[in-house]
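Q: Here's the letter readout for the chains.
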Amino acid sequence: MIDEQDTPRAAAPGRVVLRRMLRHGSFTIGATLLGVIILIAIFAPLIAPHDPYATDLTNRLLPPFWHDDSDPAHLLGTDRVGRDYLSRVMYGAQVSLVIGFLTVIISCVIGSLIGVAAGYFGGPVDALVTYILTTRLSLPLFLVALAIVALSGSSLTTVILVLGFFLWDQFAVVTRSVTQQLRSQDYVKAARAMGASHRRIIFRELLPNLREPLLVVATVEMANAIILEASLSFLGFGVQAPLPSWGLMLSDAREFMFFDPWLMAIPGCALFVLLLAINFTGDGLRDVTGRGASL
Amino acid sequence: MAGTPGHPFNGTSHSEMLRFTVIRLGLALLTLVTVSLVAFFMTWVAGDPAIAIAGDTASAEDIAAVRDHYGLDRPLGVQYVDWASRALRGDFGMSFHFDRPVADMLADRLPVTLRLALSSILFAICIAIPLGVLAAVYNNTIIDRAALTFAILGQAIPTFWFALMMMIFFGITLRWLPISGGGSWKHYVMPTIALGYFAMPVLMRLTRAGMLEALDSDYIRTARAYGLPARSVLFRHALRNAILPVVALAAVQFGFMLGGSIVIETVFSLPGIGWLGYDAILRGDLPVVQAILLLVASFYVVLTFLSDLLNAAIDPRLRRVRVG
Chain Y
1 MIDEQDTPRA
11 AAPGRVVLRR
21 MLRHGSFTIG
31 ATLLGVIILI
41 AIFAPLIAPH
51 DPYATDLTNR
61 LLPPFWHDDS
71 DPAHLLGTDR
81 VGRDYLSRVM
91 YGAQVSLVIG
101 FLTVIISCVI
111 GSLIGVAAGY
121 FGGPVDALVT
131 YILTTRLSLP
141 LFLVALAIVA
151 LSGSSLTTVI
161 LVLGFFLWDQ
171 FAVVTRSVTQ
181 QLRSQDYVKA
191 ARAMGASHRR
201 IIFRELLPNL
211 REPLLVVATV
221 EMANAIILEA
231 SLSFLGFGVQ
241 APLPSWGLML
251 SDAREFMFFD
261 PWLMAIPGCA
271 LFVLLLAINF
281 TGDGLRDVTG
291 RGASL
Chain X
1 MAGTPGHPFN
11 GTSHSEMLRF
21 TVIRLGLALL
31 TLVTVSLVAF
41 FMTWVAGDPA
51 IAIAGDTASA
61 EDIAAVRDHY
71 GLDRPLGVQY
81 VDWASRALRG
91 DFGMSFHFDR
101 PVADMLADRL
111 PVTLRLALSS
121 ILFAICIAIP
131 LGVLAAVYNN
141 TIIDRAALTF
151 AILGQAIPTF
161 WFALMMMIFF
171 GITLRWLPIS
181 GGGSWKHYVM
191 PTIALGYFAM
201 PVLMRLTRAG
211 MLEALDSDYI
221 RTARAYGLPA
231 RSVLFRHALR
241 NAILPVVALA
251 AVQFGFMLGG
261 SIVIETVFSL
271 PGIGWLGYDA
281 ILRGDLPVVQ
291 AILLLVASFY
301 VVLTFLSDLL
311 NAAIDPRLRR
321 VRVG
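Same order as they appear, the protein sequences are chains Y and X. With the first letter of the first sequence counted as 1, position 5 gets the number 5 in this note's numbering; the numbers rise by one all the way through. With the first letter of the second sequence counted as 1, position 129 gets the number 129 in this note's numbering; the numbers rise by one all the way through.
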């Protein structure tokens, strides 16, 4: 009934966007890297050389392959209780990705509900949302997250819930402003004149147009969630040992950092590469879709 | 500044600005009240504070005595009003753990955090602005791409890990810099670089975007057409317009840093309020956590308020889109 191309900010047809994405250098690099990391995480049980939880006290703190006295059975060495470091790094990708994806799903739902409501209804609803948003932003996220995890006990679920309920602000900001622009578009007015319900307008006319800006915000917040989990776990208030989280591995490595700095370098590099992949992907999306340039 | 040709200050009504200021001020106050409620009731979510003070092994009489001593048996509303009105006067109660006024502990620690946040944001600005200008002037060249890549690296590198790697390299291998404590300016070098590099990318992108927009505008073209020297066009006219939003954003980021330096302060054992907050959470010292929460939120609210005013003064359109 209503062609998407009628809207001034409508996306180029899918295939053109795809071709532009593939020609965009940093998007290709980022997305490929991210794909590889996701595959490693999914197939970790098949490709990891060892059980990430199996301790071997006779082979503690073996150095990685670039040291002369390394063990070919443990390419990236072993940690302080003899667990294979490569296997733990591979399984660690699962933890980071699960945190990243689930947190973003929760916060995307919360943020876009709030943002669409504010942008669509305006007036007092918008004022209320502005107030909630300002309050959320003024609470120091890391301190509050630390306190909540400390009070309710550290676990993967707690971390995901806390981060999910805190990282919705940018989703709300972006959906609010896009909705404000769309609300006065002719096709939305037409739908309303034809007697479409609010619910129908929001779900059929507004949400499809929010897909791309939400995707851009999602990459930013996913990176954010992954860094926050690593930082919380590093301080001992994130996920629980012996889960192979990169943040926990960094935390364990701390007491050996001056004698065996590779223990700290390896999980950090893994984290860095994942975050780089997500950032490159997000940056490419932002350029290609021309959305969220203000971020 | 108002005289610059084409500058966005173009004599819009003062009453609009006044209305905006009043609404924003009301919002800021409301936010602070809400944050104080959150901070206060966090204590109660955490469990009975009387038990926290007396300790897990305390007898029922001890707990009752503590409850009586601290006035914990009064209705919650009364306790909140009492706590909030004391907090307004700078009295945050006594630390559960150290038997010292929380306000004194904060006063000891705050200068360290302020110094760190200030040096980090200055470091970030000093890199972001020249880099953003360069990227805009040499748009779509290798310089632009290098600047953007440098920014992406800063966004992606986990701050605390970057800090730890610097510690290993500059602190242990080269032995140039101290790795923990806060005694001299040398103790601030690595924390400043770590936090500053994290804050830099968004400032640099904003500078670049602002400069691109300014360089493309009519008044810059006019200035060029009048034959003004390129340097003067770039710095006196274009940069002047691009820089105010960057300063406004830097103010907000400064607010974030006051609450966001927990990991960095902990890693470097810098005795600021971030590390104090972490310690207080470890010990369950709730009055300290409450006070830090309130203090950091207040800084943030004040800085956001000022930054909103600055932005609205530059761009009159912003006065209308919010609340109304």
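Derived by calculation from the structure, the hints in this document are not laboratory data. Just so it is clear, CB atoms sit at the ideal spot from N, CA and C, and this is done for glycine as well. Treat the hints with care, since some could be wrong.
[Claimed, not checked] Simulated restraints on C-beta separations:
| id | chain 1 | residue 1 | chain 2 | residue 2 | range |
| --- | --- | --- | --- | --- | --- |
| 1 | X | S180 | Y | Q240 | 43 to 53 Å |
| 2 | Y | P72 | X | D104 | 28 to 38 Å |
| 3 | X | G55 | Y | P72 | 24 to 34 Å |
| 4 | X | G183 | Y | P45 | 43 to 53 Å |
[Unchecked claim] Simulated coverage check for chain X against chain Y, where a stretch passes if three residues somewhere in it have a Cβ under 8 Å from a Cβ of chain Y:
| id | segment |
| --- | --- |
| 5 | 28-39 |
| 6 | 262-271 |
| 7 | 290-301 |
[Said to hold, decoys possible] Here are some chain Y residues pointing at chain X (derived, C-beta under 8 Å):
| id | residue |
| --- | --- |
| 8 | F65 |
| 9 | S138 |
| 10 | L139 |
| 11 | P140 |
| 12 | F142 |
| 13 | L143 |
| 14 | L146 |
| 15 | A147 |
| 16 | A150 |
| 17 | S154 |
| 18 | S155 |
| 19 | G268 |
Q: Evaluate each hint against the coordinates.
A: Hints, verified against the model:
Distance hint for S180/X and Q240/Y: a CB-CB separation of about 27 Å, inconsistent with the stated range 43 to 53 Å. In this structure the hint that P72/Y and D104/X lie 28 to 38 Å apart at CB is violated, the actual value being about 59 Å. A C-beta distance of roughly 54 Å is found between G55/X and P72/Y, which places it outside the suggested range of 24 to 34 Å. Against the hinted window of 43 to 53 Å, the Cβ-Cβ separation of G183/X and P45/Y comes to about 50 Å, which satisfies the hint.
Given a C-beta distance limit of less than 8 Å, the hint that chain Y covers the segment 28-39 of chain X holds, as 7 residues qualify and 3 suffice. For the segment 262-271 of chain X, the stated coverage by chain Y holds: 3 residues have a C-beta nearer than 8 Å to a C-beta of that chain, and at least 3 were required. Check on the segment 290-301 of chain X: 6 of its residues sit with their Cβ under 8 Å from a Cβ of chain Y, so the three-residue criterion for coverage holds. Contact between F65/Y and chain X, as hinted, is not supported at the beta carbon level, the nearest pair being about 20 Å apart and thus beyond 8 Å.
For S138/Y, the shortest C-beta to C-beta distance to chain X is roughly 4 Å, which falls under 8 Å, so the interface hint holds. Interface hint status for L139/Y: upheld, as the beta-carbon distance to the closest one in chain X is roughly 6 Å, under 8 Å. Taking 8 Å as the C-beta cut-off, the interface hint given for P140/Y holds, the closest approach to chain X being about 3 Å. Interface restraint check: F142/Y against chain X, minimum CB-CB distance 5 Å, threshold 8 Å, status holds.
With a least beta-carbon distance of about 5 Å to chain X, the hint placing L143/Y at the interface is held under the 8 Å criterion. With 8 Å as the threshold, the beta carbon of L146/Y comes within range of chain X, its nearest partner Cβ sitting at about 5 Å, so the hint holds. For A147/Y, the shortest C-beta to C-beta distance to chain X is roughly 5 Å, which falls under 8 Å, so the interface hint holds. Annotation: interface hint on A150/Y holds; nearest CB of chain X at approximately 5 Å, less than 8 Å.
Checking S154/Y against chain X by beta carbon gives a least distance of about 12 Å; that is not within 8 Å, so the hint is violated. Given the 8 Å rule on beta carbons, the hint for S155/Y is violated: about 17 Å separates it from the nearest Cβ of chain X. The beta carbon of G268/Y is positioned within 8 Å of a beta carbon in chain X (closest approach about 4 Å), and the interface hint is therefore held.
Consistency with the previously given hints fails for numbers 1, 2, 3, 8, 17, 18, ordered from lowest to highest.
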